[in-house]
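Engineer: One letter stands for each residue in the lines below.
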Amino acid sequence: MSQSEPPGGVFGLSYDGETRVIEALKLISTAIIVLVGAWPIYWMTQLAFTEYEAVEDSVTAFPTPDIFTLGNFTVLTQPEMYTYMFNTVVVAIGTIVTVVLVSLLAGYGLARLEFPQKENFARILLVGYLFSPIVIGIPLYQIWQNIGLLGTRFGLIIALSAISMPFAVWLMWKYIMTIPEAHEEAAWVDGASRWRGFRDVIIPQCRPAIIAAALFAFALAWNDFTFAQILLPQTDTTTFAPGILRAMGQAQFLPDAYLMAISLAMTLPPLLFAYFMQSYLLKGFQVRAL
Amino acid sequence: MASETGESIRPGRAYIPWDDLPVKRETVAGIGTVLPVIVLYVLIAVLPIAFAFWASLHEIHTLNPEWQWAGLANYREVLNISTFWGSLWRGIVYMVGSTLLQLGVGLWMALVLNRITRGQKLLTAVVFTAYLIPTIIVSLVALRVFDPLGGVFQMMGAEWFGLWGAQTAPLGSRDWAMRLLILIGTWKFAVFVTIFTLAQLRAIPDRFYEAAKVCGANRWQMFRDITLPRLMGIVLVVVLLRSVFMFNKFDIIWQLTEGGPGNATTTLPVLAYKTVYTDQAYGLANAISVVMFLFLLASAIIYFKLFNPSEEVETTT
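Chains as they are written, first to last, in UniProt numbering: chain U, 1 to 290; chain B, 1 to 317.
Possibly wrong hints are sitting among the right ones.
[What the hints assert, rightly or not] Below, simulated EDC-like cross-link-like pairs (lysine to aspartate or glutamate); rule was C-alpha separation at most 16 Å, straight line:
hint, chain 1, residue 1, chain 2, residue 2
1, B, K213, B, D225
2, B, K274, B, E258
3, B, K213, U, E18
4, U, K174, U, E119
5, U, K118, B, E26
6, B, K24, U, E114
7, B, K213, U, E119
Honestly, the hints are just simulated from the structure, not real lab data. None of the values given here were measured: they were computed from a predicted structure.
In isolation and in its complexed conformation, chain U is listed as follows (with noise of 0.2 Å):
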């Protein structure tokens, strides 16, 4: 089929003329983006493995032979460093765990039975997106204090896991949704109870929305400093993000390339989730519940 008079363009091109602007707009687009959101991973990356002293004085773009050293890493040795890791990794999966227990109850109890007040429950959740760390962590600190759970990891656990919620049931609900009643009923007829149904049926069929759900826990716990900041004051409990930052204010030698070599240690888990979960992440954007 030829077309001897194509729709007319922009700015009077022809079609295909205005096809070949747009295909080098997109490939120049791409470029750009995927140049400025790489750099900062590259800098980081390449500072780490370059000696402290030349990061101080000079601007390096590349570790050259001359300057490459693996010495910044004996900064992950360092008992302080050692235990804001330990801790961030403990809250993490804490956090993990509870997410995905509770959502995924909340999710089948929302998609399955019938209760008053349903949609209102929806509602509410909905307004978990508007919580602020900075609003509730300043009450919150004195409310942890009374109770004792100030400085706990157990405390930021807790505040961290209702903040992830609205996400997480909102995934549960929808993905479960979609699992067919049917498969249940098989089981029920085989004499199977609600319980056992929910945990031999459902939960093996949602796996994807488990791992969905747990990836955007822990990049939510990964990233916490507000919290953490107020809710663990104490130095020797405290997770990465707020230990790292008191630890520039006091520390005698702490050289930035020290610092760049442990930022790539705690951006290595996100960056490998990124490259090797996209399907799971991709799922857990589909359903619009973030």
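Using the hints, position chain B against chain U.
Structural biologist: Same frame as chain U, but now just chain B:
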């Protein structure tokens, strides 16, 4: 567990006379499933807000929590101190600047991602990286590259573009601190806009564009008459959410400038934090928290007007 054998556990259980009770068994089970969420919400949202209201009516020293009734004195003080109005104004500047920039960059990335054919996986990975990378890492890298000693952006700004002197730290200068905060925040947070709008873009059926093409529309007309109207709803929601988030943003500001130099980047969250820990005035800080909460509440009401959740619920049942 009695269910190990696959036998029904109901006959074995203690008998509960569900038929005689005023509530149905399903209701109890349903409420039971959402109870943990409700407990978490009460503990983390309702209780702190109520506590903040109560505490804001008292004179409290942060480290010596002896409460003295002060009535509305804290609110009078909040509205009278010059730092409050200054912080509110800077917060609005930060909020509007960040939201507009993030919206522009985020929409652009979404449009590119939606139409691209090659390198999609790489681009998606870059977008997710910005989403997953902790704010503190972004701040540490930013502090490094804007450092007068060997920071590459500081060097480029000073020597190539002459934006600042060779020895000045841009993050510590009154002229640049706020602008740089907005720019650095955009690197991390623009992807939220992309993620929201991309889902909506993907949902527009191709046949709309095919029909427009047959009718002789050019790309700009297709964008204006098909893409844009479809995006408007989600863009409103995104603008509202981003505004609220940026207005309440504490972490990246504190990490990069601690509200300085002077008060040049002190927004309301930073002011509240400083009031707790620097001025040790816990009651006053709670009054500021309550003011911020009222802003959140107003936003929540608008949010529900824009994005009707019950509609959302109906589509799922």
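Engineer: Mind listing which of the numbered hints don't hold for this structure, in increasing order?
Structural biologist: Violated: hint 7 alone.
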